[in-house]
Amino acid sequence: MLPTPEQVKQYIAAGLACEHLEVEGDGQHFFATIVSPSFEGKRLIQRHQLVYAALGERMREEIHALSMKTLTPAEWQNA
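Residue numbers (full-length UniProt numbering): 1 to 79.
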């Protein structure tokens with residue numbers, strides 16, 4: 001069974017403190033906008049690694065592709 005955008009959102013939120021989280025997708029390909037204080041002081045690759053860690057095995061087993069925009073709360077306010 002393919003995950004819904006809402007399920008992917010729940011998976012991310014369960015493993016990463018988010019101030020804002022949007023997920024769109026078709027069951028295989030997803031795009032997420034993630035705003036988290038955990039991203040403070042992190043490079044882009046480190047931010048993505050935090051999201052992948054939150055998704056765990058689901059990234060390998062259920063989600064075919066995930067594109068993401070990762071922002072700190074300050075970056076989100078200035079966007």
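If you are wondering where the hints come from, they were derived from the structure by calculation, not from laboratory data. The structure displayed is predicted, hence computed values, not measured ones. Hints should not be assumed to be uniformly reliable.
[Unchecked claim] The calculated lysine-lysine pairs, modelled on DSS-like cross-linking and capped at a C-alpha distance of 27 Å, are:
(1) Lys42 / Lys69
(2) Lys9 / Lys42
(3) Lys9 / Lys69
Tested hints:
1. Lys42 / Lys69: holds (14 Å)
2. Lys9 / Lys42: holds (21 Å)
3. Lys9 / Lys69: Cα-Cα ~14 Å, so holds.
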